[in-house]
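If you want the building blocks of each chain, they are given just below.
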Amino acid sequence: MSEQEARFLATVQAEQRIEPRDWMPDGYRATLIRQIAQHAHSEIIGMQPEGEWIAKAPSLRRKAILLAKVQDEAGHGLYLYAATETLGVDRAELTEKLISGRQKYSSIFNYPTLSYADVGVIGWLVDGAAICNQVPLCRTSYGPYARAMVRVCKEESFHQRQGYELLMTMMRGTQAQRDMVQDAVNRWWWPSLMMFGPPDSASSNTEQSMVWRIKRHTNDELRQKYVDMSVPQAKALGVTFPDPELRWNDERGQHDFGQPDWDDFWRVVKGGGPCNEQRIAHRKAAHEDGAWVREAAQAYAEKRNRQAGAA
Amino acid sequence: MNDSVYDGLSEEHADDARWAYGTGFHDELSGVDRDIPSGVDGADLGLYCQMLGDDALVLAQRLAEWCSRAPELEEDVALANIGLDLLGQARLLLTRAGEVDGTGRSEDDFAYLRPADQFRNLLLVELDCGPGPGGDFAVTMARLLVFSSFRLSLLYRLQSTVDPVIAAVAAKGVKELAYHRDHAAQWVLRLGDGTAESHRRMQAAVDRIWPYLDELYAPHPVVARLIEVDAAVDPADVRAEVEDTLHRVLRAATLSIPSPHRESGELSGRDGRHTPELAEVLGTMQELARSLPGAVW
Amino acid sequence: MNDPLWEVFVRGKRGLNHVHVGSLHAPDADMAVRNARDLYTRRNEGVSIWVVPASAITASSPDEKDPFFAPSGDKVYRHPTFYDIPDTVPHL
Chain D
1 MSEQEARFLA
11 TVQAEQRIEP
21 RDWMPDGYRA
31 TLIRQIAQHA
41 HSEIIGMQPE
51 GEWIAKAPSL
61 RRKAILLAKV
71 QDEAGHGLYL
81 YAATETLGVD
91 RAELTEKLIS
101 GRQKYSSIFN
111 YPTLSYADVG
121 VIGWLVDGAA
131 ICNQVPLCRT
141 SYGPYARAMV
151 RVCKEESFHQ
161 RQGYELLMTM
171 MRGTQAQRDM
181 VQDAVNRWWW
191 PSLMMFGPPD
201 SASSNTEQSM
211 VWRIKRHTND
221 ELRQKYVDMS
231 VPQAKALGVT
241 FPDPELRWND
251 ERGQHDFGQP
261 DWDDFWRVVK
271 GGGPCNEQRI
281 AHRKAAHEDG
291 AWVREAAQAY
301 AEKRNRQAGA
311 A
Chain G
1 MNDSVYDGLS
11 EEHADDARWA
21 YGTGFHDELS
31 GVDRDIPSGV
41 DGADLGLYCQ
51 MLGDDALVLA
61 QRLAEWCSRA
71 PELEEDVALA
81 NIGLDLLGQA
91 RLLLTRAGEV
101 DGTGRSEDDF
111 AYLRPADQFR
121 NLLLVELDCG
131 PGPGGDFAVT
141 MARLLVFSSF
151 RLSLLYRLQS
161 TVDPVIAAVA
171 AKGVKELAYH
181 RDHAAQWVLR
191 LGDGTAESHR
201 RMQAAVDRIW
211 PYLDELYAPH
221 PVVARLIEVD
231 AAVDPADVRA
241 EVEDTLHRVL
251 RAATLSIPSP
261 HRESGELSGR
271 DGRHTPELAE
281 VLGTMQELAR
291 SLPGAVW
Chain A
1 MNDPLWEVFV
11 RGKRGLNHVH
21 VGSLHAPDAD
31 MAVRNARDLY
41 TRRNEGVSIW
51 VVPASAITAS
61 SPDEKDPFFA
71 PSGDKVYRHP
81 TFYDIPDTVP
91 HL
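Residue numbers (the numbering used here), protein chains in the order written: chain D, 1 to 311; chain G, 1 to 297; chain A, 1 to 92.
What the hints contain is simulated information worked out from the structure, not anything from laboratory work. Check before you lean on any hint, since a few could be wrong.
What the hints assert, rightly or not - Distance windows between CB atoms, simulated:
| hint | chain 1 | residue 1 | chain 2 | residue 2 | range |
| --- | --- | --- | --- | --- | --- |
| 1 | G | Gly42 | D | Arg139 | 53 to 63 Å |
| 2 | A | Ala29 | G | Gly294 | 33 to 43 Å |
| 3 | D | Arg139 | A | Lys13 | 19 to 29 Å |
| 4 | A | Arg11 | D | Gly101 | 41 to 51 Å |
| 5 | D | Ala285 | A | Ala29 | 27 to 37 Å |
| 6 | G | Pro164 | A | Thr58 | 50 to 60 Å |
| 7 | D | Ala291 | A | Ala54 | 15 to 25 Å |
| 8 | D | Leu114 | G | Gln118 | 29 to 39 Å |
| 9 | D | Arg61 | G | Gly42 | 23 to 33 Å |
| 10 | D | Leu114 | A | Ser60 | 50 to 60 Å |
| 11 | G | Asp117 | D | Ala310 | 51 to 61 Å |
As the list claims (entries may be wrong) - The list that follows gives simulated cross-link-like pairs (lysine-lysine, BS3-like), each with its CA atoms no further than 25 Å apart:
| hint | chain 1 | residue 1 | chain 2 | residue 2 |
| --- | --- | --- | --- | --- |
| 12 | G | Lys172 | A | Lys13 |
| 13 | D | Lys97 | D | Lys284 |
| 14 | G | Lys175 | A | Lys13 |
In this text, a Cβ means the ideal position worked out from N, Cα and C, and glycines have one as well.
Given these sequences and hints, build the entire structure.
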């Protein structure tokens with residue numbers, strides 16, 4: 001091990017942050033670029049499933065909440081792209097990789113939103129799972145990523161609560177509304193468990209990431225924590241999770257639960273989900289349709305710079 | 001791991017005063033007198049609130065169509081901010097409408113249960129300006145420049161109206177509209193004086209929007225009665241100011257100013273005679289709320 | 001081609017220094033300061049924002065501890081406590 005590498009490891013293991021101009025192993029840099037970019041892409045693609053419902057939101061209060069929430073996701077994407085750029089890549093390059101399929105985003109956004117209850121369930125379960133994943137990242141070893149996550153997590157708490165509150169309101173409404181909520185929970189429960197990634201036995205990156213203090217908990221640890229948190233919330237809401245194996249295990253002091261369909265997980269990761277193509281096509285269209293606007297702004301700035309230079 | 005996932009946040013950021021988040025909120029309307037001012041007709045005032053509220057509501061709905069489709073992520077954030085400001089104004093004004101017109105209708109009754117011919121918004125705000133085949137970012141910015149210039153002048157004067165609720169909404173709205181106008185002007189400048197393509201698109205956008213300007217200043221009997229009792233602003237009074245702003249921006253953007261001519265003379269948004277585009281917007285907006293009777297949201 | 005990168009500094013209130021809050025892309029300084037206001041302060045009135053081209057910064061050592069700043073809400077629904085959740089529901 002080189003002296004530089006030893007110093008790097010000592011720094012992260014002493015819970016100190018690595019900052020952009022510090023020396024870091026190539027693998028650390030590459031892992032972070034992949035992970036933060038994927039995280040940023042997820043925020044941006046994640047605008048779409050809920051964004052579809054802004055126009056149709058059933059009250060003006062819900063419309064304002066949802067628009068603010070989806071706007072936050074754009075903001076979170078921007079914080080995270082900015083953090084990625086401190087590692088020496090630029091956003092245009094990352095956007096190209098996203099729309100050409102060379103970088104991924106969270107598979108959760110490849111499922112459709114079929115009713116307004118999905119807005120609530122995404123807030124409660126999907127954002128809840130995201131928070132479980134993200135809170136430990138507020139102490140991740142790379143400074144710009146950790147700081148971006150602090151901002152993101154603060155705002156996500158509003159997202160989760162608005163979702164749960166919407167579901168509570170719907171459960172007090174008509175039977176049709178209660179049925180919508182249960183249906184949405186049935187559809188989103190397994191995909192939300194998949195958000196923690198494959199089982200530890202099949203996760204290739206976890207061990208190295210933990211040594212580098214990028215990750216602090218394994219996928220299975222976080223998934224267990226999430227299940228334990230969600231069960232009483234479901235009970236308070238009056239819904240059930242579609243898992244016949246889900247039960248409290250007194251001996252472990254945790255819930256036992258069934259395994260998601262990992263074949264389906266890998267199928268969606270590889271592009272076979274119900275909305276993969278639609279999501280990328282949407283993002284690509286926005287990016288390409290906006291090219292003339294970005295070019296105009298650059299041309300204008302160059303003209304002003306030339307004028308300033310000539311003056 | 002922490003029991004509550006948020007506990008982890010407090011370790012390094014215990015000083016919550018650093019987080020402006022959520023702490024700066026104050027209700028501009030708290031303590032405002034909600035009685036109908038003496039001498040003012042409640043039904044007229046209700047209609048005027050609908051006019052001002054519907055303008056904001058319909059444009060907010062149109063701007064939200066850009067969400068996740070803006071030319072740049074930063075612009076997604078900006079357009080959502082503008083949409084949220086307008087939606088906020090709409091909610092206060094429609095609530096006021098139901099309060100003073102004697103019907104007790106809520107903001108949602110107005111937004112979701114009226115058919116298109118009961119909406120009182122200007123034609124300008126209902127037009128499909130994109131994204132998609134109906135327009136593009138240039139048309140969206142041309143409309144926003146016109147609308148925000150007009151509404152800023154209107155709200156500035158409405159700060160001294162006899163209705164305390166409209167006055168309070170106006171005081172809040174002036175700050176918001178100044179930002180909207182500035183944002184639109186910045187883009188009109190860049191698109192007009194950017195590339196050959198952006199110049200062509202921006203000029204076409206201005207040419208498309210300009211025929212809807214006349215309607216902004218048109219007299220209306222309800223407004224005329226309210227002007228008599230200092231409860232409304234005569235839109236004709238703001239014309240010179242608005243056009244001065246618009247012309248200055250267009251000239252700086254190297255755009256030519258279209259000759260004013262009025263389109264679709266038989267239509268009048270303030271009287272509920274709209275383009276088919278409003279029915280399309282409302283079809284989408286009202287679909288879910290109307291499809292589940294008795295539902296609570 | 002990509003817009004230049006700008007570093008953003010925000011003075012949260014009078015009496016405080018401008019602090020680095022992050023970065024963003026914009027074609028020019030005017031747009032950068034506007035975007036910064038939208039993104040990093042959610043348009044909180046009364047704060048002061050500086051934008052500096054990232055390329056104009058000369059760095060010494062990287063071991064500064066960058067403070068952090070959060071966006072503001074003039075929108076009460078952004079605040080988690082706006083949502084009335086019974087105390088009996090755990091972990092929310």
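Practice prompt. Taking the numbered hints from earlier one at a time, note which ones the structure violates and give those numbers from smallest to largest.
Written response: Result: hint 2 breaks, nothing else.
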